[in-house]
Structure formats: C-alpha cells, structure tokens
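All chains should be modelled from the sequences, with the hints used to inform the complete structure.
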Amino acid sequence: MTDDELIWRIAGGSGDGIASTSQNFAKALMRSGLNVFTHRHYPSRIRGGHTYTEIRVSSEKVKSRGDGYNFLLALGDSFARNPKEGAYYGNEEIKPLSENLDELREGGVIVYDSGLLDASEIEDFDERVEANNWHVYDLDLRSMAREHGREVMRNTAGVGVTCALAGIDTDWIEDLMTDAMPEKILEPNLEILHEAYELVQDEYDVDAHDVKVPEGEHDEEQVLLSGSDAIAYGSIDEGCRFIAGYPMTPWTEVFTILCQNFPKIGGISEQVEDEIAAAALAVGASHAGVKAMSGSSGGGFALMGEPLGLAEMTETPIVLIEAMRAGPSTGMPTKPEQADLEHVLYSSQGDSQRVVFAPGTVEEAYDQTRQAFKIAYEYQIPSLILYDQKLGGELMNVPASHFDRDPNPDLGSVLTEAELEDAPHSDTGKYQRFQHDVKDGVSPRSIPGQKGGRYLATGNEHTPEGHIAETPENRVAQMNRRLQKQEAIRAYLDDLEDGHQTYHGDDDAEYGLLTFGSQQGTVEEAVDVLVDQGYSVKSLGVSDMMPYPVEEVTEFLESVDEALVIEMNASAQFRGLTQKELGRYGEKLSSLLKYNGNPFEPADIVEGFKTTIIKGDDLQGLETKFVPAAGD
Amino acid sequence: MSAFNAIGDGRDVDQNEFTPGLEPQPTWCPGCGDFGVLKALKGASAELGRTPDEILLTTGIGCSGKLNSYFESYGFHTLHGRSLPIARAAKLANPGLEVVAAGGDGDGYGIGGNHFMHTARENHDMTYIVFNNEIFGLTKGQTSPTSPKGHKSKTQPSGSAKDPIRPLSLALTSGASYVARTAAVNPNQAKEIIIEAMEHDGFAHIDFLTQCPTWNKDARQYVPYIDVQDSDDYDFDVNDRREAAAMMAEVEDALHEGTVLTGRFYVDEDRPSYQQEKRAIGEIPEEPLAERYFDDSYEWERSADHFLDKHK
Ligand SMILES: Cc1ncc(C[n+]2csc(CCOP(=O)(O)OP(=O)(O)O)c2C)c(N)n1
Ligand code: SF4
Ligand SMILES: [Mg+2]
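Chains A and B, in that order, give the protein sequences.
For the first sequence, full-length UniProt numbering assigns the number 1 to the initial residue and increments by one for each residue that follows.
For the second sequence, full-length UniProt numbering assigns the number 1 to the initial residue and increments by one for each residue that follows.
If you are wondering where the hints come from, they were derived from the structure by calculation, not from laboratory data.
You can take every hint at face value.
Within a straight-line C-alpha distance of at most 20 Å, the following computed PhoX-like cross-link-like pairs (lysine-lysine) qualify:
hint, chain 1, residue 1, chain 2, residue 2
1, B, Lys149, B, Lys217
2, A, Lys625, A, Lys588
3, B, Lys310, A, Lys264
4, A, Lys61, B, Lys312
5, A, Lys439, A, Lys374
6, A, Lys588, A, Lys615
7, A, Lys264, B, Lys278
8, A, Lys625, A, Lys615
9, B, Lys154, B, Lys217
Some residues of chain A that are not near chain B, with every Cβ distance over 10 Å (derived):
hint, residue
10, Asp140
11, Gln201
12, Glu203
13, Gly331
14, Met332
15, Ala509
16, Ser536
Each residue gets a CB set at the ideal place from its N, CA and C atoms; glycine is no exception.
This is how it looks when you write it as structure tokens:
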C-alpha cells in the first residue's frame with residue numbers, strides 16, 4: 001500500500017449502471033498509462049441493493065485490491081425498495097454513502113449526490129468527517145444529469161467531478177465515451193461530463209485534499225480483462241468450439257462470453273435443461289470429434305458428477321470450468337469463496353482421474369485454460385479450471401501481447417482413417433481404442449464416422465475394444481494404464497518453461513506464505529508490505545491441484561522455518577491437500593482462513609501473519625480465523 | 001474431402017454386419033423382448049444401407065442399455081438416463097452421423113425424463129427407442145414409471161399408488177415430430193417403424209413394448225396386438241396434433257386394459273429439425289464442425305484478432 005495511488009469506489013444501487021461506468025472509467029485510466037485493478041461487491045439481486053466497484057489505480061502493476069480506499073463517489077440507490085429505517089433491508093437509499101464509510105481512509109474524499117442522498121440522516125456523519133479529516137463534496141448530480149439528458153447519466157456527472165478533484169484529464173474519458181456510447185446518448189453525456197468538471201473547478205477548492213491520480217506510462221499496449229474473459233479466450237485459442245451450460249452465478253460470465261462469440265467463429269453453444277445434460281453434451285461433442293467444454297458453479301457442478309466420471313472412464317477429453325461461490329448449498333451466490341476444492345478434486349464415484357488447475361491471475365487464467373485443453377486432448381482426460389467470483393470478475397490491465405499467440409486446434413491423440421488402417425483391431429473389426437500397453441497410458445482414439453474406427457465407449461470397465469469386462473487382469477491393466485497418465489502429466493508440467501506455480505519474494509526468506517488460486521495477488525502484496533516492515537517472508541501461489549506439484553512445494557517448504565497457508569474457506573482444504581500429497585509438514589503449516597464472503601485484503605494477511613506466526617497470539621475478531629500447526 | 005468416409009458410404013449392407021464378433025450372443029433372458037429391438041434395428045439399418053461405421057448408437061443403463069454390446073457400430077453406453085444429451089451433442093458436432101439413442105422405460109421416462117422432454121421439445125434429428133417393459137429389469141423387478149397403478153414389487157409391497165406415465169402423450173406435448181409404438185412381438189412393423197424413424201428429419205420417438213418374462217410375469221406378452229394403421233376401427237389423422245393426442249390417450253388407457261395398440265400416432269414432416277432451426281439463425285456452421293479439426297487448410301480464428309479490440 002502506497003499513498004501514491006487512487007482507490008476510487010463508486011457506490012450505488014444494483015441496476016444503477018455502476019459496473020459499466022466503472023469499467024469505462026478503469027479503461028480510460030488504463031489508456032492514460034496507468035495500471036488498474038477493479039473489485040466488485042454486489043448483492044444477489046437484479047435491482048436495488050447496495051453495490052460498489054472499486055478501482056485501484058497506480059503507476060505500478062496492481063495485483064490486488066487495496067486496504068481500504070481513498071475516494072468515494074456515492075450515487076445513492078435509485079432502486080431502493082424501502083427508504084424507511086428499520087425496514088428489512090434498512091434504509092437502502094442511503095447505503096451507498098453510509099455503508100462505505102468504515103473503510104474510507106483518513107484524509108479521503110467523499111462525493112455524494114445530494115439530489116438523492118441526505119447526509120444528515122447518517123448518525124454522527126459530521127463528527128466522523130471531522131475526526132477522519134475527510135473532504136466532503138455534495139453536489140446535485142441528479143439535477144445536473146436531468147438537465148442535459150436522463151437521470152441515469154448522473155454516473156457521468158460523478159465521473160466529471162472525480163476528474164476535477166483527482167486531477168484526471170477528461171480527454172481520456174471523452175475518448176472512451178466516444179468509443180463506447182451510441183451517438184444519441186453521447187452528446188448529453190459529454191455535456192454533463194464537462195459541466196460537472198467545470199463546476200467543480202470553478203467553485204470548489206480542488207486542492208484542499210491530496211487524493212490525486214498518479215502519473216504513469218505503459219511500455220506496451222494494454223487490455224482490460226477479467227478472469228472470465230481470459231478463460232473464454234484461452235478456450236477459443238485452444239480450438240474449443242462447443243460449449244453447453246446452464247446459467248449459475250458466477251460461472252454465467254464465461255458461458256455468456258462464449259455464447260456471444262461462438263457464432264462469429266463457427267462454434268456451437270447450447271443452453272440446456274440442466275447441468276447433467278450440460279456436461280453430458282460436452283462429453284458427446286468431444287466423443288464426436290470437437291473440442292468441447294462445459295462448466296458451472298458449486299451446485300451445478302454437483303450435478304455434473306456422473307458425466308465427469310463417465311469422461312474419466314471412457315477417456316473422453318473435456319474441459320469443465322468451476323466458478324466457486326460461498327457454500328454450502330445456495331450459500332451466498334455473489335460472494336467469493338474457495339471451498340469447492342475438494343468437491344472438484346473428488347466428486348464422482350471411484351478414484352479420481354482428472355486434472356485440476358486453479359489459476360491465480362488473469363494471465364494465468366488464459367494460459368492454464370489453454371493447458372487444460374491441451375492436456376485433456378493429448379491425454380484423454382477431463383481437465384478442470386477452478387476459480388471464483390473474485391478472479392472471474394476482477395478486471396485488470398494486461399499487455400495485449402500476452403494474447404498474441406498461435407491457435408492450437410489440435411485434437412490430440414486421435415487417429416485419421418489412414419492411420420486406423422494400420423491400427424490394432426479385434427478379429428471381427430472393432431478398433432482397439434483402449435489398448436493395455438501404451439506410452440504414458442494414452443491409447444489413441446477414433447471418431448465416429450471414421451471408416452474402420454468403430455468401438456464401444458462405456459462407463460463400465462471394458463476390454464481394449466470397449467466391451468464390458470470384469471476379469472481382474474483386465475481391470476487392473478486398465479486402471480493402472482489410466483492412472484499412469486497422472487505421472488506423465490506431472491512430468492510434462494514439471495518440464496514446462498513457465499510452470500504454473502508462482503513465486504514471490506526473496507529465495508532465502510525465513511517464512512513462507514502458501515496459497516492457491518485467486519488469493520495469489522493479495523498474498524504477494526502482503527509479502528511486499530511485510531518485507532517493507534522488515535520481516536523475512538516469501539510466497540508461493542500454487543495452481544496445479546491435480547496432479548499436485550509435490551517437488552516444487554516440498555522444496556518451498558523445506559526452505560522456510562514455518563509457513564502460513566492462506567485460503568478462503570473454513571476447513572483449510574488446500575492445507576489438507578498439501579499435507580496429504582506431501583505426507584508431512586503437519587507441524588510446519590498453520591492456516592489463515594477467511595469465509596465471511598469477502599476476499600482477503602492485504603492487511604488481513606499482514607496482521608494475521610504478525611499476530612499468529614511472529615507473536616504467537618490467537619486472532620481476535622470476525623474477519624479471519626487461525627488454525628495452528630499440529631503440535632502447536 | 002471428408003475425414004469421415006463411412007458417412008454416406010451408400011454400399012450394400014448385410015444385416016449380419018451388425019452382429020459383433022465379440023458378443024454375438026446377447027445375454028438377455030430367453031424370451032426377452034429386447035431381442036426384438038436388436039433384430040429390428042439390424043434389419044432397418046441394413047435396409048437403409050447404413051454401415052456400422054456411420055451409426056452412433058448411444059444407450060442408457062439397464063438390460064436395454066446392453067443393446068450396443070450386441071449391435072456392431074460406434075457405440076456409447078452412457079449413464080442411467082443420459083443417452084439423449086450425449087447423442088444430441090454428437091449429432092450437433094457431426095450431423096452426418098446416423099444417431100440412434102436407446103434405453104429402458106426407467107432410463108428414459110424416469111431418471112432421464114427431463115432430457116426426454118427437452119430433446120423432444122428441441123426436435124433434435126435423431127431416433128430414440130425406449131424399451132418399455134413396464135419394469136426395472138436390470139435391478140430385478142422394481143416398479144417403473146410405466147408400471148400400471150397397483151403394480152406390486154419389492155419396493156412397492158402394497159401396490160403402486162401412482163398412475164403410470166403416458167409416454168406417447170408426453171412425447172407429443174414435449175414436441176417430438178414422430179411418435180410411434182411398436183412391440184417386440186411384431187418384428188415386421190418394428191423394423192418398418194425404425195426405418196421411418198431413422199429417415200425422419202427430427203426427433204423420432206419409438207415406445208417399444210418389450211416383454212420381460214423374468215420380472216414382469218404378470219404383464220401380457222403384448223399379444224394380441226393391433227396395428228392401428230391396419231385396422232378399420234381406428235380412424236384419426238396422424239398429421240393432426242389434436243387427433244393424435246386423443247388417439248394417444250386412448251392407446252395409453254387401452255394398454256392397461258389389455259388391448260395392445262401399436263402404430264404411428266403422430267408424424268409432422270413440416271417441422272424443421274433443431275439442426276435446421278439453429279443453422280437458420282447462424283448458430284451451426286455450414287460444414288460439420290467435426291470436419292474442421294481434420295482440415296489442415298482451415299484458418300483457426302484467434303481471440304487476439306476477433307475479440308481483443310473491445311478491451312483496449
Ligand atoms: C444414477 C443411477 N441410479 C441407479 C442405477 C441403477 N439402475 C441401473 S438400471 C436401473 C433401472 C433399469 O430399468 P429400465 O431403465 O427400465 O431398464 P431395463 O433394465 O428394464 O431395460 C437402475 C435403477 C444406476 N445405474 N445409476
Ligand atoms: S430381466 Fe427382463 S428385461 Fe432383463 S434381460 Fe431378462 S427378460 Fe429381459
Ligand atoms: Mg424397463
């Protein structure tokens with residue numbers, strides 16, 4: 001955390017256009033040469049309910065949301081159901097202002113729409129303003145918007161005010177609005193932008209506070225992307241052209257992006273009756289020779305257990321995406337959590353035979369989705385991408401060149417008709433698609449419709465031709481062959497130039513922070529803060545959940561005295577997996593857990609580390625929970 | 001140039017080609033109706049000139065699900081109730097395939113009922129054969145969704161309190177564009193109906209009465225049967241949805257009163273198949289998607305060229 005950053009929070013009601021305004025604003029700042037990172041907070045409702053988006057802006061690369069923020073634009077919830085205090089949801093209208101004060105840093109700026117909000121309804125507002133040295137600007141944004149266009153354009157007025165107060169050149173905003181808005185609404189929006197900007201410039205002291213946008217410059221072109229975008233584009237670039245799904249937050253984002261884009265590139269998308277069908281369609285399409293995927297979030301993924309197992313048993317390549325949200329059951333649909341790790345590793349009967357990656361960043365989401373497809377089709381095994389609402393929804397800028405790669409539509413270990421002629425068949429013409437002794441356990445497949453390729457695929461244990469068989473010899477040979485792939489895939493992953501595990505900090509640091517998936521950026525930021533404060537800490541963000549990177553994690557843990565495992569769930573699933581895979585380190589690993597619906601902030605980790613590992617105290621409070629190492 | 005040269009081969013096919021060398025003799029019980037489906041399917045496939053390499057036969061789990069162990073073709077023995085979603089995706093991926101799905105009454109009308117409804121609704125171009133023996137065969141004789149009310153079994157010791165499902169009516173209201181019932185005891189009609197179903201462009205549902213002498217001894221062997229198209233007693237327009245609906249209701253009631261009515265009950269040749277509908281709105285490529293992966297000259301689209309601009 002530095003002071004040389006702007007963390008802008010725009011708050012309003014869901015349905016007030018917060019998401020699109022903030023996305024445009026973030027993009028404008030990115031174009032101006034800055035690095036941005038967004039964090040969304042929203043309720044599971046269509047309209048109404050307090051929501052905000054935070055944009056962290058810095059000249060340095062930003063990997064995480066910050067600790068608190070320093071600029072609030074409170075628009076008021078125009079869809080508030082019940083403005084009366086004491087109603088079920090409380091006074092909703094005022095929430096965008098009242099609910100956001102706790103995290104506003106000292107010396108911060110508050111802009112609120114006095115057309116909708118009345119600060120005097122908030123208890124002790126003036127006292128808190130004074131005590132925290134906040135700078136308050138109340139402007140009637142609503143009237144300003146109404147004068148030139150429609151009320152919803154008050155978001156633009158708010159952006160204009162922000163520019164004036166934080167020293168942002170409105171040219172960037174203008175350019176972006178010109179790109180993003182249809183002509184009809186562009187004119188009034190530009191008028192509002194300028195009027196708001198000039199009004200503040202002329203009538204307010206914009207230098208009364210020191211919350212200003214930093215200066216920055218990129219050395220190459222950037223794009224603003226979310227993890228969901230990256231997963232979708234990784235799929236496209238790896239030749240996936242078939243998706244089947246059923247909507248469920250937050251996986252719906254990936255599903256939507258591909259449903260919208262596939263028709264433009266000759267792909268097929270199917271919204272089907274349920275998630276059992278969705279995963280089964282992916283299996284069917286892949287069986288028939290297409291690169292296919294499906295996905296869901298926790299509850300929908302539970303329904304996919306059987307088709308997933310079928311893909312394992314029939315060795316049908318598929319990629320499944322699992323976007324975690326807080327569980328159990330319907331849980332908290334719009335809140336992130338990392339509690340589906342075990343669900344994804346083990347659901348479906350029998351011994352798991354799958355690949356699971358949990359990317360930590362937008363770039364990793366793209367890269368690992370591509371690897372997931374490549375491995376699925378090369379090794380004929382289901383591959384899963386495990387992520388969450390946090391990684392899926394956060395936008396950050398990434399060099400455009402990261403996506404400038406060759407496509408790979410290769411179907412993997414598949415034979416052509418010509419190759420089938422020389423391939424082993426049973427006496428009566430069935431192709432031996434499941435041969436016992438093959439390299440890396442991979443027996444190439446044929447595709448229905450190919451001459452000379454017919455075989456039986458079945459979820460029952462089967463002979464080389466795919467006929468049902470239960471003899472012990474065949475059973476053991478087939479099981480061992482299928483399991484052998486795990487070793488081959490691990491060796492392949494270990495040989496990759498850019499491995500999936502991400503290291504941060506000094507090699508010979510004394511302490512380690514271990515995490516997986518979307519918490520990686522936040523953990524890395526915490527490492528930087530701790531190092532600044534004089535602690536000797538490094539981190540490892542693990543992405544390969546199955547097959548597990550035993551060597552790498554062992555090496556990391558051997559190199560530190562103690563390690564704190566950071567994850568967003570209540571039962572320390574990743575720590576459990578690590579101990580199971582490594583068969584030890586019970587005494588070296590303790591856990592810092594968070595499962596209140598909000599992802600870790602760097603300060604949670606910094607304070608958690610100092611309190612538990614350094615001082616040996618227990619944690620107080622609701623936000624996080626400490627689980628000590630065995631024997632502690 | 002196709003990568004799938006078995007498709008549209010058009011050569012003469014002998015029905016013995018569909019007898020696999022590996023399991024030529026089915027292990028179904030003697031007298032089981034499932035033999036009738038196998039025989040009719042072999043006959044129909046041969047008569048249509050489909051080769052074993054161009055048929056994809058997907059099945060569910062049950063005695064009926066063993067069909068593709070005994071039928072030589074590309075086969076996918078899927079999960080209990082899930083033959084349809086697998087089948088329809090394969091057809092979307094490669095429309096040239098002759099796709100036939102098959103399974104039991106428990107499989108198709110019970111656990112897979114949701115897929116049945118939606119596959120019919122969407123009118124996927126494929127054939128679906130339901131082996132209706134009014135019982136769970138493989139799991140040893142429990143009451144199934146088509147068992148008559150009052151049916152006693154180990155899991156319904158006092159007799160089932162449930163009315164049976166109406167499979168033909170369900171297919172019709174769901175949207176199937178070809179609905180027929182045949183019986184294992186009527187091999188000629190069965191073969192003809194399978195031929196019509198395979199030739200039909202859309203979802204063709206065949207409720208195939210297959211007696212289970214092992215677990216459903218009480219049930220009739222579906223003899224005598226009446227072919228409504230051959231009988232003067234039944235006059236209805238098979239192309240008219242309302243008349244078909246009324247006829248189906250009668251057929252379903254009659255079965256439990258001891259009269260076995262078979263034949264075609266609804267045929268709609270005008271309704272476009274799902275594949276056609278989807279192509280018309282630009283959501284299925286002109287060339288079979290599966291071919292693209294074998295086409296070395298295809299220029300694969302990259303997200304960097306097509307989708308990245310809006311993120312800049
Ligand atoms: C998910 C699931 N539930 C239950 C079973 C057990 N099971 C296998 S076949 C079957 C019922 C078979 O009845 P039906 O579908 O009518 O086929 P039939 O054997 O009569 O041909 C059941 C319950 C299973 N394999 N999978
Ligand atoms: S149990 Fe019934 S359905 Fe199964 S094979 Fe025997 S007779 Fe046929
Ligand atoms: Mg049955």
